[in-house]
Structure formats: C-alpha cells, structure tokens
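**Q** Note that full-length UniProt numbering has the sequence shown beginning at 1, numbered continuously upward.
Do not rely on the hints blindly, as some may be mistaken.
Taking lysine-lysine and the DSBU-like style, the derived pairs with C-alpha atoms no more than 35 Å apart in a straight line are [stated by the list, open to error]:
(1) K201 x K127
(2) K127 x K37
(3) K119 x K201
(4) K196 x K254
(5) K37 x K119
(6) K37 x K254
(7) K254 x K201
(8) K196 x K127
(9) K196 x K119
Since the hints were derived computationally from the structure, they do not count as laboratory data. Note that the coordinates shown come from a computational prediction; the quantities given were computed from them, not determined experimentally.
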Amino acid sequence: MLPDLVSVLRCPICGADLGLVGRTARCDRGHAFDLAKQGYLNLLPSASTGIDGDTAEMIEARGTFLTAGWYEPIRAALIRVTPPGDGLVVEVGAGTAYYLAGVLGASPGRPGIALDVSKYAARRAAKADPRIGSVVCDAWQELPIQDHAAEVILDVFAPRNAREMARILAPGGTLLVVTPNQRHLGELVDVLGLVKVDEEKERRLVRSLTGFEQVAAESVEVTLRLDHRSIEHLVAMTPSARHLEREERAERIKALADPAAVTLSVTVSCWRHTG
C-alpha cells in the first residue's frame, strides 16, 4: 500500500491520523497496524458488529464471475456518472474492488481505497490496481477514513452507513449507489431460492441515506445469457449461497436452460450530502 493512501486513513482506536513506517501504519498515540503480506491493512476494531464477511469460496466465485464481464454494464454506468477529477474514490463493501478498479482505470492518477470486512476480499482488492489501498473494516462502525477525504464514494450492493459516509465525503462530493430492481435475476429467484428484492426498496434506500439528496438516477437493464457454470458462480458469490447446499444448488441449476436468459436490472443513483 502506498504511503499517500495510508495518510488518508485514521486509527480505528483513537481516530488519529495514520502514517506508514516501513510496513507498519502508526498513529501519534502509539497504535500500530502491520500490513499483511498480501498488501492489505486490517483496521477492524475488536468492538465490531461481528458481521460475517465473504468467505474465500465466495470471493473466488465473485472474482471469476466479474472477470468474465457479466456485470460490466454496471461498471460502465458507474464510470459514466463518476464526476471527473483526481480526488480520492472510496468503495464501501468493495469485495474484489472490480468496480473501484474500473472507475480508477478511467481516471489515470486517481487514488482509491477499498473497504471490506472480509480479509479474503481485501487480499483480492489489494491486487486489483496499485493505486488502491485495501483495508479491512466494519462498514457499520466508524470508517477508518479521515474527515472529508473522499471525493467520490461507491456503494454497490453494500451496506449504507449514511452518517459515516457524510463524514468522510468532501464538500461537493458524490455518493454513487447501486441497488437491484424488482426484475434483477428474476428468472433465478424462485428456482434457486435467491433473496428477493424488497418491494419497499426505494423507500428504504431514501430512509437509509438520511442527510443526502438524490440528484440523478440511471436504470441499467440487460439480458445476460449465462451458462450453468456462470450461474453457479453468480449464486456462490451471494449470501444466498449460505442457505442452499452445493449439491442441491447444482441439481436446481441443471433444470435451467443452458445458457439461460437472466435479467440484470439495477439503478445507479447519485447523491449529495445536504448538511
């Protein structure tokens, strides 16, 4: 991780600024955090919410599915709506940092921070782009980012801690949120027991982003032609994988056409802090 990226982080214990000394991030109060050999920094406080991050298997499936380009329309939309500039981009719940790497790839020289509670995700994110600093943290707690450090925040199917997002977002900064629509993966929901999209999604989104106002929104909907292997990776990378045994999942996938027509349907919305 580059020293400049560590300099925008703050200590998860006392909130003081961090600096990189060798392979250790330190604050002035003596708290120290060693860089993992895989390149990420673990800033998860002991008093975290205890939420389960993605497992190694889930991250492997996610990496394979996203690398195949199936969700490229989402990444392309994020690139289109990201304001130009060279300021920091922070992705919350970044996973493999697929979306963050895409946004940075369209803005040479722009730095990024990938935040995720899973150390397996952090390992992959650290390798996604040398301009990305990968950090393990709990999105529901205080984010280890300095006040007003982020010019852009990405939140793709991820937790929305509005209070902390508002704190780390620079004045005039942009929050980009990707949420699924009712038709998203509709052909697979009943067959594979996937989590259904809440009919109150839009209302919940607005309620979850207290202190922000929506300034724009763009719908992205395309039909994917997914083979059985890709469907397996898609399901395996989601929380639904925890509720259906692999053997049962494989049997249900066999009942689908190969390839199967599957709807990708999401909304990419842009938000500004009103405080």
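**Q** Of all the hints numbered above, which does this structure not satisfy? Sort the numbers upward.
**A** Violated hint: only 6; rest satisfied.
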